[in-house]
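Peer 1: One-letter residues, chain by chain:
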Amino acid sequence: MVGVKMAAAAAASIRERQTVALKRMLNFNVPHVKNSTGEPVWKVLIYDRFGQDIISPLLSVKELRDMGITLHLLLHSDRDPIPDVPAVYFVMPSEENIDRMCQDLRNQLYESYYLNFISAISRSKLEDIANAALAASAVAQVAKVFDQYLNFITLEDDMFVLCNQNKELVSYRAINRPDITDTEMETVMDTIVDSLFCFFVTLGAVPIIRCSRGTAAEMVAVKLDKKLRENLRDARNSLFTGDTLGAGQFSFQRPLLVLVDRNIDLATPLHHTWTYQALVHDVLDFHLNRVNLEESSGVENSPAGARPKRKNKKSYDLTPVDKFWQKHKGSPFPEVAESVQQELESYRAQEDEVKRLKSIMGLEGEDEGAISMLSDNTAKLTSAVSSLPELLEKKRLIDLHTNVATAVLEHIKARKLDVYFEYEEKIMSKTTLDKSLLDIISDPDAGTPEDKMRLFLIYYISAQQAPSEADLEQYKKALTDAGCNLNPLQYIKQWKAFAKMASAPASYGNTTTKSMGLLSRVMNTGSQFVMEGVKNLVLKQQNLPVTRILDNLMEMKSNPETDDYRYFDPKMLRGNDSSVPRNKNPFQEAIVFVVGGGNYIEYQNLVDYIKALI
Amino acid sequence: MAVDITLLFRASVKTVKTRNKALGVAVGGGVDGSRDELFRRSPRPKGDFSSRAREVISHIGKLRDFLLEHRKDYINAYSHIMSEYGKMTDTERDQIDQDAQTFMRTCSEAIQQLRAQAHKEIHSQQVKEHRSAVLDFIEDYLKRVCKLYSEQRAIRVKRVVDKKRLSKLEPEPNTKTKESMFSEKVSQNPSKDSEEKPITEEYPEKIPAEAQPELGSWGDGRGEDELSPEEIQMFEQENQRLIGEMNSLFDEVRQIEGKVVEISRLQEIFTEKVLQQEAEIDSIHQLVVGATENIKEGNEDIREDSKIRLQD
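If you're matching them up, the sequences are chains D and A in order.
Taking my numbering, the leading residue of the first sequence gets 1, the next gets one more, and so forth.
Taking my numbering, the leading residue of the second sequence gets 615, the next gets one more, and so forth.
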């Protein structure tokens with residue numbers, strides 16, 4: 001479940017807002033003010049897995065320390081009593097969590113309790129806690145209780161996901177499986193709507209909602225509209241009153257929420273990726289902005305009888321502070337490789353400068369003309385010393401990206417992902433194919449069974465007419481020989497039949513890839529990134545279906561695809577069904593949410609679309 | 615935007631209380647004060663640790679308040695011309711410096727003691743971690759307050775240095791103007807000579823000495839100390855040269871001063887880094903020693919092993 005927030009103007013991003021909200025919570029629910037001579041206050045942070053997932057992309061351990069947190073612990077772990085310390089809880093209001101909190105109260109683990117619930121707690125559960133607090137005569141110790149409305153995970157300044165822990169619950173499969181019951185569907189929808197509601201509370205704006213008809217997205221839209229409406233009507237407890245908008249938020253324009261169902265475009269999620277961030281996500285173990293690498297330490301031949309070298313596990317955080325990542329996460333991979341090389345060279349140049357200073361310093365003791373040299377060199381030395389931490393940080397980032405990019409490159413080479421990418425692009429843009437699909441599927445070197453299945457599914461989805469029975473049998477045999485499971489094909493067949501009834505299949509426009517020659521420039525400069533045999537493919541930008549829909553809706557363009565999208569405005573007093581948009585002006589801000597899961601390719605496509613507009 | 619439901623919680627507490635009363639369930643001692651003690655079976659050790667930690671913090675707070683209070687007066691450079699309201703003599707400043715320093719020393723000693731004690735007492739891992747983090751925070755607080763102190767001290771030192779520099783500059787323009795006056799006027803007052811003493815000390819003696827032999831040749835009613843035009847010129851030139859020399863010396867000294875300040879700053883940074891690395895280097899040393907021993911043992915084992923092999 002991925003949502004992308006686009007804004008032409010730079011309002012406070014959702015990441016900043018969520019971080020500010022978290023910091024306030026950690027500061028005992030009082031706005032945080034930096035005071036350089038303030039007394040230290042210490043506290044303990046208790047969270048559950050949901051809370052952990054929300055906090056970890058936003059605040060590092062050091063930042064937690066800076067807020068005065070001495071220990072951060074999981075709710076359902078063994079915790080010892082620590083006297084004289086206030087505890088800040090950040091948990092979901094679920095049964096087990098409430099039980100454990102009551103247990104904590106009874107065991108008198110901490111001095112005072114600041115309870116913060118990720119999404120709103122029900123009255124009855126609140127009474128459970130009250131009961132436990134009474135029983136433990138700890139009512140006075142419960143200092144504050146808050147509903148935080150932070151039930152979503154922000155990964156980028158402009159991208160958020162619903163959850164990480166139980167993402168199976170709201171996945172495409174959960175929503176679209178044929179054997180789903182009504183109650184299960186209700187639960188799924190409620191979970192989605194709760195998170196989206198929290199998102200808009202944190203954003204401080206009430207959106208105008210548009211969604212396609214007859215899809216899961218429509219169900220979400222109806223429920224979300226209802227929830228927002230109810231909250232706005234309740235004047236006393238409305239979460240969208242003036243002070244939630246925050247200082248400086250003077251956009252009189254309301255944002256547009258586009259609710260899209262995954263079924264409009266199943267090919268893009270299966271598509272092989274070529275931009276840095278998308279590749280890292282597709283190929284490596286990448287969650288919540290953290291990538292886990294398994295490094296094999298040393299590829300040299302080990303002497304006979306020696307112990308096999310252990311694989312080191314390393315994990316890296318790809319954060320907003322990482323300038324290289326911010327600059328290149330959307331770049332095609334060959335560009336990334338080149339840039340890492342460039343960064344490494346410039347770093348080495350700076351390092352040499354510093355080393356040169358060292359030798360000059362050594363000389364000047366013997367030289368009598370030292371005084372004149374001295375004046376220049378002390379200045380140089382001071383600047384060198386002050387720039388050293390910067391240099392070290394740069395080195396760390398270069399190492400990080402070298403490792404990550406090398407790992408990605410290994411995968412690309414092993415699975416021939418560049419071939420897949422090019423081929424799929426050609427299929428999706430309906431240009432002529434130079435190699436037969438059967439060849440690629442039967443090629444034992446190219447890719448895992450999963451890769452082959454993905455390729456075939458994309459072919460099947462994009463084909464104007466279904467392949468003939470004989471052809472299909474051939475393909476099926478080739479796929480089974482390669483070790484693929486044919487179940488996905490069954491589903492796609494059904495889906496295609498259904499989708500054909502509903503509307504024309506989505507077209508992908510004229511995406512072409514230009515191949516810039518087999519041996520890239522990088523190889524010629526003798527770098528580590530020996531991309532021999534890997535095609536240096538460059539993407540020519542075209543809009544994916546999701547981006548096109550957004551474009552139509554934001555600019556109020558007329559288009560058969562989006563004309564009969566439903567229109568919801570929670571702030572309107574009556575009428576919750578109108579296909580006629582009241583608002584005729586183009587929107588400035590939009591949030592795109594895919595019910596059933598988005599992906600980094602679509603995210604990147606939207607980011608590029610915005611860049612092209614500015 | 616977060617919603618404060620504390621009031622709602624308290625209301626729930628009341629509801630639960632009344633409900634329990636109605637149901638006849640024993641209320642858990644929330645109302646009765648005496649019951650509280652009974653219920654607290656495990657008497658929470660109010661913690662030596664935390665009360666002492668808070669003591670240290672309040673001490674540091676006092677130091678900080680003290681420094682901030684007197685900061686304005688301390689920095690005030692013109693206190694010698696201001697009224698008594700804001701005056702602070704140098705001795706008072708020195709006193710403040712000393713007091714602050716002893717205070718800081720005692721505070722850091724107290725922190726060290728607390729740390730040692732926290733390590734000795736047997737507690738769970740979590741409590742240990744928590745305590746060491748708390749001590750880190752307190753140390754950090756102390757550092758920040760010390761920064762206050764060192765900042766204002768640096769300002770004071772800088773002002774003193776500047777003042778000295780300014781006071782050195784004073785005679786220069788005077789001597790220069792007096793030079794020109796001297797060279798213009800033919801008949802000079804002996805008092806002017808004495809003003810040039812710092813630069814031309816030996817000349818006043820020479821002047822009367824040399825003036826006397828001239829008396830005979832000129833003898834027009836000029837004073838004993840008058841000099842011939844050539845001599846005047848000569849002295850003038852010499853003076854100019856000396857002034858030039860002094861100026862360049864002065865410039866160099868100023869440069870060197872600046873460089874020395876920079877160097878001292880660099881040294882500070884370096885000492886900090888070296889101290890940081892000290893711990894690491896110690897551990898590396900340990901590791902290396904351990905490794906050498908292991909290697910030695912390994913060699914011996916191999917030797918024995920090969921001996922045994924040869925015997926077979």
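Simulated from the structure, these hints should not be mistaken for lab results.
Check before you lean on any hint, since a few could be wrong.
To be verified - From chain D, some residues computed to sit far from chain A (all C-beta separations above 10 Å):
1. 84
2. 142
3. 215
4. 288
5. 312
6. 465
Stated by the list, open to error - Simulated pairs of lysine to any residue, SDA-like, Cα-Cα distance not exceeding 25 Å:
7. A/873 <-> D/35
8. D/380 <-> A/871
9. D/227 <-> A/768
10. A/757 <-> D/387
11. A/757 <-> D/436
12. A/887 <-> A/781
13. A/631 <-> D/93
14. D/34 <-> A/676
15. D/34 <-> A/762
16. A/742 <-> D/69
17. D/62 <-> A/747
18. A/761 <-> D/353
19. A/686 <-> D/35
Unchecked claim - Covered, in the sense of this in silico footprint (three residues per stretch, anywhere, with C-beta under 8 Å from a C-beta of chain D), are these stretches of chain A:
20. 757 to 767
21. 871 to 881
Quick caveat, the model's predicted, so the values are computed rather than measured.
Don't be surprised by glycine CBs; every beta carbon is placed ideally from N, CA and C.
Peer 1: All hints are to be evaluated individually against the structure, with a verdict given for each.
Peer 2: Here is what the structure says about each hint:
1. 84: violated, 4 Å
2. 142: Per Cβ check, residue 142 of chain D is inside 10 Å of chain A; nearest 7 Å; violated.
3. 215: holds, 31 Å
4. 288: Correct as stated: the minimum Cβ-Cβ distance to chain A is 22 Å, above 10 Å.
5. 312: About 19 Å separates residue 312 of chain D from the closest Cβ of chain A, which puts it past 10 Å; holds.
6. 465: holds, 53 Å
7. A/873 <-> D/35: The hint is violated at about 34 Å.
8. D/380 <-> A/871: holds, 17 Å
9. D/227 <-> A/768: violated, 61 Å
10. A/757 <-> D/387: holds, 23 Å
11. A/757 <-> D/436: violated, 71 Å
12. A/887 <-> A/781: Distance ~38 Å between residue 887 of chain A and residue 781 of chain A Cα, so the pair is violated.
13. A/631 <-> D/93: holds, 22 Å
14. D/34 <-> A/676: holds, 20 Å
15. D/34 <-> A/762: holds, 16 Å
16. A/742 <-> D/69: holds, 14 Å
17. D/62 <-> A/747: Holds: residue 62 of chain D and residue 747 of chain A sit about 12 Å apart, inside 25 Å.
18. A/761 <-> D/353: This hinted pair is violated, its Cα atoms lying about 32 Å apart.
19. A/686 <-> D/35: holds, 20 Å
20. 757 to 767: holds (count 3)
21. 871 to 881: holds (count 5)
Taken one by one, the earlier hints fail for this structure at numbers 1, 2, 7, 9, 11, 12 and 18, listed in ascending order.
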